[in-house]
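Okay, here's what each chain looks like letter by letter:
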Amino acid sequence: MPLASWRAEERPVVASGTQAVPALIDINGVSHSYRSAGGQNHAALAEVSLTIGAGEFVCLLGPSGCGKTTLLNMIAGFLTPTHGEVRVGGEVVRGPGPERGVVFQDYSLFGWLTALGNVAFGLRMAGVPRALRRRKAEEGLRAMGLEGVAGRYPFELSGGMKQRVAIARALATEPQVLLADEPFAALDAMTRASLQAQLLDIQQRSGTTVVFVTHNIAEAVFLGSRILVMSAHPGRVVEDVRIDLPRPRRRTSTPFNALYEHLSRAIGLEGDE
Amino acid sequence: MRLPARSVFLGSLGALAFFGGWEALSHSGLVNPIMLPAPSLVVRSGAELLGSGELARHLAASLWRAALGFVSGALLAIGLGIAMARSAGLYDLINPLVQMFRAIPSLAFVPIAIFWFGIGETSKIFLVAWGVFFPVWVNTYIGVRDTSPLLLRAGASLGAGNWRLLAFVVLPAALPLILAGLRVGLSIALVVLVAAELAGAAFGVGYLIQMSQTVFRVDQMFVGLVVLGMMGYLADFLFEWAVRTLLPWYGAERGRG
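Protein chains in written order, with my numbering: chain F, 1 to 273; chain B, 1 to 257.
Hints in this document: simulated from the structure, not taken from any laboratory. Fair warning: there could be bad hints in the mix.
Unchecked claim - Here's a subset of chain B near chain F, in silico, CB distances under 7 Å, partners left out:
no.	residue
1	G14
2	L151
3	R153
4	A156
5	A160
As the list claims (entries may be wrong) - To spell it out: a stretch of chain B is covered by chain F in this simulated footprint if at least three of its residues, at any positions, have a beta carbon under 8 Å from a beta carbon of chain F; those stretches are:
no.	stretch
6	170-178
7	240-249
Quick reminder that beta carbons are idealized off the backbone N, C-alpha and C, glycines included.
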């Protein structure tokens, strides 16, 4: 039954006009190419058009070199598209901004600030008064289960704790979108599973839109309400899969594994086509 | 493994043997006690200079020059280091000049500084600032230039504009390198200061040594050496202490590379 439900929802690559929810992120004919040392043009991303609705948890899934991080970086405003444009909330993205929170794979915490100082950083930049930003940052840490570490510096935290702090930091300014670039790739399996559950819990409660880059199929199936499967040479979206499996999803369930197998084939890990 | 108590014992033994031997040698008649005054005499002369207030006057003069030269040289170096790391044009414009001047040992500028600015304060402060400038400039430039682009992205995505990115991300990230440059600058400041004071001054610990030489007071020359050693040690100690107290994350960051 659930197998049929996700298959029925499967969409062709560029079908975005049929969204039920209004588009929060509008990616319109976006491509990105760079010139290699040899002087040739390489397309990291070729002509991608899609929309992402408010509240979606979208996983960009694909092998390395498929342009998933490039696409994320363009939504974040770190990269400018060679062609096309990205709009978030109707505004054309021209650079990074606090309405688009970013979580990085290597945490990228500010080593000279405590956990609390890191979480409060965006609020400080926004001019929030000290007492209020302290309270909000404490709330953010608590939401990630980090009450005890407010005064600790990043070098005193484990990898999992650092990434929790980084997520709290990105969410502190209440962004419209949370962008995550393989945030759990460097963590051990147990820590990764608990962080996945935590992120999902926060996302379900707050309704924040999430765009999540991963090359881990199980992670995408566990987290995503939608998976965009990407492929390399040139980077493009080859499949747009909506996932209606009920939550919490069990990694051992039959529909979970059927979907896993389908996606493995889609990204070319198994079988021919 | 060496026991601390054992290390302390051996260290004290070595020092005792050295100073005891020196004391004995000075009294033995084998050497001229004017040329090699006994440590006990050096201590007495030191107490005398301290009691008369003369030592404090020399020390204050030296410290004041060192501090003023250090601060002005360091501020200029940090400012220019940041500007050159942020502006390729400025870098291209100034870098050949800075590299050229950097290659010349700062002590070689002592005569010309005295020729230009006289034996007053200006020449000392100029020379110290000149010596401090280069290590601080190099480290600031590298630290700012090599700030992790991911930290810059993190800061920008949290709403930090250009200037606040500089103040709240780039400078703190570069601080370990800047501090290392300042520390090197501190020891250079002392070397250059003493050289300048030896070459001509009316006050200062270097001048005390110079003046004592002309009146055959080798004991006072030794007092000057001891004071300089203590100054260097204390400056480094205070610097280290301040860094550890003000920046608790510093050691760990440095250790992690």
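Evaluation of the provided hints:
| no. | hint | in the structure |
| --- | --- | --- |
| 1 | G14 | violated, 38 Å |
| 2 | L151 | holds, 6 Å |
| 3 | R153 | holds, 5 Å |
| 4 | A156 | holds, 4 Å |
| 5 | A160 | holds, 5 Å |
| 6 | 170-178 | holds (count 3) |
| 7 | 240-249 | holds (count 3) |
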